[in-house]
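Each chain is listed here by its residues.
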Amino acid sequence: MMEPGLYHILTVSIALFFIGVMGFLTRRNLITMLMSLELILNSVNLNFIAFNKYVWPGKMDGLFFTIFIIAIAAAEAAVAIAIIINLYRSNQSIDVTNAEDLKY
Amino acid sequence: MNLLVLIGAPLLTALAVLAARNRQQVRWISLAGSLVQLGLAVALLLAYRHERALQQTAQMLFEQQYPLFKSFNIGFHIGVDGISVAMILLTSFVVVAGVLVSWNVEKMTKEFYFLLLLLGLGAYGFFISLDLFVLFFFLEISVIPKYLLIGIWGSGKKEYSANKLALMLMGGSALILVGMLGLYFYAGNTFDILALSKSTIPGEIQHILFPLLFVGFGVFTALFPLHTWVPDGHSSAPTAGSMFLAGISMKLGGYGCLRIATYLLPEGAKEYATIIIVLSSIAILYGAFATMMQKDLKYINAYSSVSHVGFSLLGIGMLTQTAITGALMQMVSHGVMTALFFAVIGMIYDRTHTRMVADMGGLMKKLPFISTVFFLVGLCSLGLPGLSGFVAEMTVFVGSWENPDTFHRIATIAAAMSIVVTAVYILRAVGRTVMGPVTNPEHLELKDAAWNEKLAAILLLAGILAIGIAPGWLNDLLQPAAEEIMNRIAGK
Amino acid sequence: MPNAINIALIPLLPFAGFLLSGLFGRKYIRNFAGMLGTALILGSAILALYTAYDYFFVYGKVDGVYQQFVPLKITWLAFTKELSIDMGLVIDPISVMMLVVVTFVSLMVHIYSLGYLKGEERFATYYAYLGLFTFSMLGLVLASNIFQIYIFWELVGVSSFLLIGFYYDKPSAVAASKKAFIVTRFADLGFLIGILILSYFSGTLDFQELIARLTSPESNEAKAAAASTFLGASALTWGAALVFMGGAGKSAMFPLHIWLPDAMEGPTPVSALIHAATMVVAGVYLVARLFPVFALSTPAVLEMIGWVGAVSAIVAAVIACTQTDIKRVLAYSTMSQIGYMMFALGVSKYGGEAGLGYTASMFHLFTHAMFKALLFLGAGAVIHYVHSNEMKDMGGLRKKMPVTHFTFLIACLSIAGVPFLSGFYSKEEILLAAYHSNTAIYYIALVTSGLTAFYMFRLYFNIFWNKPYEAHGGHHGHGEGGLVMMLPLILLAIGAAGAGYIPFGELVSSDGKALESHFDIAFSAAPVLLGLTGIAVAAWMYLKENKKPENMASSLGGIYKAAYHKFYIDELYLFITKKVLFNLVGRTAAWFDRTIVDGLVNLTGNTTVLVAEGIKKFQSGKVQQYAIYFLAGVVLLAAFFVYVWR
Amino acid sequence: MNEFFSLMKSELVLTGIIFLLLFIKIGKGVKNETLLPLIQVLLLANFLFGFFLNKQGRLFGDMYYTTSLIVMQKNILNLGVYLISLVCADWLKKTQHLAEFFLLMLSALLGMFFMISSANLLIFYLSLELATIPVAAMANFDLEKKTSAEGAMKMILSSAFSSGILLFGISLIYGTTGSISLPQLGQLLDNSPLQILAFIFFFAAFAFKLSIVPFHLWTADVYEGSPIAVTSFLSVISKGAVAFIFMTMLFRVFQPMAHIWYQLVVVLAIATMVIGNLFALRQQNIKRFLAFSSIAQVGFILVAVSSNDPMGITSVVYFVLVYIFSNLAAFGVAAVITEKTGKENIDDYKGLYKTNPFLSWILALSLFSLAGIPPTAGFFGKLFLITAGSANANYWFIIVVALNLIVSLYYYLRVIRAVFMDKNDNPVEPVTISAPVRLGLLICGAGIVITGMLSWIYDYIYTLK
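Protein chains in written order, with the numbering used here: chain A, 1 to 104; chain B, 1 to 492; chain C, 1 to 646; chain D, 1 to 465.
Warning: the hint list may mix true and false statements.
What the hints assert, rightly or not - Taking lysine to any residue pairs in the SDA-like style, the calculated list, with each CA pair at most 25 Å apart, reads:
#1 C:K622 with A:L25
#2 B:K366 with C:K616
#3 B:K454 with C:K61
#4 D:K145 with A:N29
#5 D:K146 with A:K53
#6 C:K617 with D:Q284
#7 D:K146 with A:N86
#8 B:K107 with D:Q284
#9 B:K70 with D:T67
#10 D:K343 with A:N91
#11 C:K622 with A:S93
#12 A:K53 with D:D62
#13 B:K295 with C:L584
#14 B:K110 with D:K354
#15 C:K544 with C:P402
#16 C:K81 with B:D359
#17 C:K579 with B:R428
#18 B:K107 with D:K354
#19 B:K366 with C:I29
#20 C:K81 with B:K110
#21 C:K170 with B:R428
#22 A:K103 with C:P292
#23 D:K145 with A:Y104
#24 A:K59 with D:G351
#25 A:K53 with D:K354
#26 D:K465 with B:T190
#27 C:K622 with A:N29
#28 C:K73 with B:I469
#29 C:K170 with B:I469
#30 C:K617 with D:Q184
#31 D:K145 with A:Y88
#32 D:K343 with A:Y104
#33 D:K94 with A:I85
#34 C:K27 with B:N452
#35 C:K73 with B:A466
#36 C:K61 with C:P292
#37 B:K107 with D:R282
These are calculated hints, taken from the structure and not from any lab test. Since the model is a prediction, treat every value here as computed from it, not as a measurement.
Chain A extracted, bound-state conformation (with noise of 0.2 Å):
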């Protein structure tokens, strides 16, 4: 079996990142948004590791960076949601079409 290379992970994470931005752009609720997020967020993480193992092994700088990155994730995404609460208590919806309100 063929051991996975830095190109295989980059595609991955690539595909991933495109995944969520395909998701962030499309989906209409705000919860798949915000999910759609976090993949963006993981296939920069895999890209941190994926670089950190292949082309720098001897740092490690990749690597904290992807540990923040989920914290900072988690901090953000519970903001999120708070907000969306928010939201859908003065909107009964987390529908992101019925929050435009604001344009112009």
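Given the coordinates of chain A, work out where chains B, C and D should sit on it, guided by the hints.
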């Protein structure tokens, strides 16, 4: 003489006006302050002449320099030569007259006078600045007062006019700004006019910068075809506002065209002189013809200003010492004259509540003083000897004629033709309003000028006559400065 | 030697009168203004006479030649070191002669107006204007600098404007004053450009210098001026012609004469002073002042001057025959007579016997001032009496106004060239000069002199004979006018009768040397006979009320109609100004400014607003769309920077 | 140890205040009337303390560094926060969770401090998020308003998205250079396509934070939806902080790519100015109006950024100072009026001068300052930005910039016109202005008038480079 007083006096006056408690105080403080400014300006003239009489040959007198923004090499550098002295004198005359004719402004008097004085402050500062940055600062400082004066105290479609004026002048400033920065970087990081005048900027750069600066200042002084703010702005502004706009603000532009664009960029000036001459000749004739068709007195004077200011630009474009002297004389002369013109129009409007020529007639009967002044200023406008306009225009013509080729000749003749057209529209306006039978019976109840109006008119008339009857002093003031400019243009 | 102070006082006294009456007349010295002005002008007149005596008989002549003196010269405005406007005083034969004419006629008018304008509301203003005019005219006469003459030229124009429009509540007066000013201004434009040309080539504005430099063929200035050409004529020719254009405008020469008849809207004494005796001859004076330049350097222009004068003389005479407004008749007559002066200059040469025309012209200027002022003042008395300008309202006045009648008759005889009156002598000299130099002009002049006699006596008979006088409105309680109005008439009548006996040739000539004038009875016969015929025809037609004039008019048909309508020149001008300048040029300029230039400015603003409105869709409020734009931005920038701008 | 304290004193003091607030919150509730003055005093003290005990140096293995310029930048931000606490006092006083609000705000500020001082991409990322996430929470502080929640939602989602892009860029940079330390990166960059791509990702995230076109779209919506205190915080403090670090990044780290980012900055500066101006032209809501105007202002900041020299940095720092005064004055006036009358539209401001001259003059001053008209400081600020930017002699760029001044003047004048000239039958009634607000507005007004005249301020900042 310490030139800082010229900024200090208006500033203190303006602040005192802000502190004043009632309308009465506001008016008297303003009048006192403006008279002090007038006194200072006259003192400056005398001091200047005194220094020159003592063979003081420096280009600028009473120079002072304080570092301002050291990191940009910007200094608060001030000083005067003959041109500045003449312009400061003009400003002080117009300021006093403007304060006087606004005596009966009832709406927000305090703000009105404050802005008026601020406008004067900008002009004083502009004329004494020897640093481009400071000069630009003082040029721009007048945007707020102009806009508010027209917009708040104006008449007609005042908001539109105020907007147009502010935006077009801002456009001019934008171009000036670019040209100014170009100068700054090409002349080795300095804004100092005297230093810039000694620097050598390559010809091709001058060809880029000159139009920027000239057109930029040209907008201020109604360079054809960027003059369209003039009719609207002047006609919508309150009386004092029009006086300041036409009497002072337009001169800022002319001064800039000469002192900044032409003086600092002689190669550019030579390159574009032809275009300037063509544009200004067009402006002179076109303005005059357009004036013929106007029905509103303020529009008449506004368009005639376009025509008259064309003479100063023509003089600059001719690039001879006499023509430049004439251009400067025209600035001073037109400043006083047009201020008086607007003052009189304002007086008439205050009484008849119309500015339409057709609605008036025979004002001489009940308003002899105002009518006489109106008539005199009309005569000045059409270049009657003994009044200032003649001296200036003739000097421009003689100076223009020093260029021997056919192109310059034709331009001069074209410009000279305007004196006939001017006569037509001035006599038409004066004839319809002042002379003829009284068409509106209500006009038989009118009262002639009050003391403040008389004083304002007499003051400005004195200026017109002082130039018209004895032009020598003004000539002595302006000619050496013009010579200095010509020396640089001629590469001496 | 001339006394600068005395001479300077001549113009300054009336100026003082102008200032005093102008500033204080309305309130303080309202009724006193007339006396003040008269007293001051009397002082001027005395000084002028004294100066004349002094000049002609004491110091003026050196070695048999009258010299030119400049007792005073102040630099007024220095354009460059060489080129400056000086305010100076020139004393030479023609200026001294003009001083006398101007102050004398002005004095007469001042006195006359005391009665004529009695009770006028703006009495003081009137005298202020008169003072201003007299000052300006004297300044013009005394000018030592071509720009100085231009300055006073303009001032004279404006005082003329003020006085024509004195009755400012009369629309026709306002219109006339405007017309006068604008037409002369147009001519002055030429004058100004002419000055610019001449001064450029001569490098000076001073008359003496300018003449010296431009007339000596060796001078560099003259060579340069002759070498530089434009449209086939040398610059000097252009300059001289344009200067003459100014003179033609002021002197109401064809075709710039249209303002003069209208100018009669002014008070009649003003017409006498300005539009008969003094201001309108300023053009003649200007040509005389620059005569050496015209005669020596630009003979072509001088010839043109001759023709313009001749045409003006005959055209005006023909029109005068048809007019019914007595002041208009006099106005055309003035124009005709100035035509005489002008062509007299035109046919003259510089120096010696050939310079007869110059002397004759000045002579005629002098005598014409006397009899024409007299005619106008007399007409004024008549108008004052009947309150109308129209011939049909007059007739049979010889009984009612004996003094006026008598003096008027003297003036008419004088202008008609009846022997032994002043007009005879000056006109004979002119005809003689023309005869020797240009026969065509001579015949024109001859015909004109016949016509002159005819229309003057047409006027005379219509006023004083024809039908018996019947009062309109019936309350002409007052008589002919008091002493103040009669005295000037009498004094002028003496002048009109006797001025011919002044030995003019000895005093005034083109080169300052005395000129022997000799009369030949044989030569005089033709003009005198023609003149007498004219008088006879006039008497035949107008002595008694009859139908002959109408019959004559209808038999002449179109010619009469054309002459009556002043050959439609006014209409032509009106077409050019109203239709072409106002409607075509002015309206277009105004429209262009508001629509195109201003429209472009507004368009810029509107376009900006429109664009702003158009792109608002991008701010859709959809957060996902924002992300798309975000991503698109990234991709675009990446594409550009990675592949294009790297 | 001593060095640690003096190097991190801004952050430490701020953290102290945050903890103090936390304790107050945990303890018995304190009334807003007493809490708010306390906070204001604390913030003032914080601001003043910023001028003492300054040192330059590095900490945490070169992850954190500070210089006198950075301290200056922090001081300016401190001043801004203090002014916000003054001018928005009316709204703050009424808010239910005052302590939390300031907790969030100061946390964000703390994040910005770290961000400015960061010398490592990791700490940069952390502090960037710290500076963003609390603000999103703050944006939702008008709990009852749907628009507030909508704005907050847009903000958190967009900024998370941009964080994703940023991180992707950082990961690529790491992949190509193997370093996330900023000083090292400066030497390691070699302009390979992948690095340029990474740089553009990185840049886009900055552009998002700075509201550079076309990454600006969230700005207006968030500004409009949020409470005015948050809007002002976003528009001046956030912008300022990001602008500071943005320049450090470009000038220090990405210096090898200067030729690339110069083009990028020029193009985006023009786009930002033009689009910002065009949108501002037609706005009715005063907050939205100011949002677009602030976008246009960013365009001007970019002009100075394009200079790539210390003059540019100084000019931007100076401009941010001026901008704080000007924009906070405008927001302050808007806050007062919105708070008292609920009116937010420019049309409602018609005839304001008749009833509220003080507010009108402050508003006029601030708008003229934003438009860059003397004698206000905005004139100097803008002029120096443009002067710095014209050092490259790119005339067309400067002309376009200068022409944009005209458009911006047009819409600022629109408000002035409404305030001073237009007639209104139903103008804003005279409002009473509480003492702190008045103080705040006066400070802003004074700042607008004298910051420009006092030329040593600029020169002083320049010496810090």
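Verification of the hints:
1. C:K622 with A:L25: 10 Å, holds
2. B:K366 with C:K616: The hint is violated at about 59 Å.
3. B:K454 with C:K61: 53 Å, violated
4. D:K145 with A:N29: 21 Å, holds
5. D:K146 with A:K53: 47 Å, violated
6. C:K617 with D:Q284: 16 Å, holds
7. D:K146 with A:N86: With a Cα-Cα distance of about 9 Å, the restraint between K146 of chain D and N86 of chain A holds, given a limit of 25 Å.
8. B:K107 with D:Q284: 29 Å, violated
9. B:K70 with D:T67: 22 Å, holds
10. D:K343 with A:N91: 23 Å, holds
11. C:K622 with A:S93: 15 Å, holds
12. A:K53 with D:D62: 24 Å, holds
13. B:K295 with C:L584: 17 Å, holds
14. B:K110 with D:K354: Given pair K110 of chain B, K354 of chain D holds - Cα atoms ~14 Å apart, limit 25 Å.
15. C:K544 with C:P402: 19 Å, holds
16. C:K81 with B:D359: Violated - the C-alpha atoms of D359 of chain B and K81 of chain C are around 51 Å apart, more than 25 Å.
17. C:K579 with B:R428: 16 Å, holds
18. B:K107 with D:K354: Judged against 25 Å, a Cα distance of about 11 Å means the pair holds.
19. B:K366 with C:I29: Answer holds: K366 of chain B to I29 of chain C is near 20 Å, not above 25 Å.
20. C:K81 with B:K110: Given pair K81 of chain C, K110 of chain B is violated - Cα atoms ~51 Å apart, limit 25 Å.
21. C:K170 with B:R428: 15 Å, holds
22. A:K103 with C:P292: Not OK: K103 of chain A and P292 of chain C at ~87 Å, beyond 25 Å, violated.
23. D:K145 with A:Y104: 19 Å, holds
24. A:K59 with D:G351: 66 Å, violated
25. A:K53 with D:K354: 70 Å, violated
26. D:K465 with B:T190: 21 Å, holds
27. C:K622 with A:N29: Holds - the C-alpha atoms of N29 of chain A and K622 of chain C are around 13 Å apart, at most 25 Å.
28. C:K73 with B:I469: 16 Å, holds
29. C:K170 with B:I469: 32 Å, violated
30. C:K617 with D:Q184: 44 Å, violated
31. D:K145 with A:Y88: Status holds; Cα separation ~12 Å.
32. D:K343 with A:Y104: It holds: about 19 Å lies between the C-alpha atoms, which stays within 25 Å.
33. D:K94 with A:I85: Between K94 of chain D and I85 of chain A the Cα gap is close to 23 Å, so the pair holds against 25 Å.
34. C:K27 with B:N452: 20 Å, holds
35. C:K73 with B:A466: 20 Å, holds
36. C:K61 with C:P292: With a Cα-Cα distance of about 19 Å, the restraint between K61 of chain C and P292 of chain C holds, given a limit of 25 Å.
37. B:K107 with D:R282: 31 Å, violated
In summary, the numbered hints that this structure violates are 2, 3, 5, 8, 16, 20, 22, 24, 25, 29, 30 and 37.
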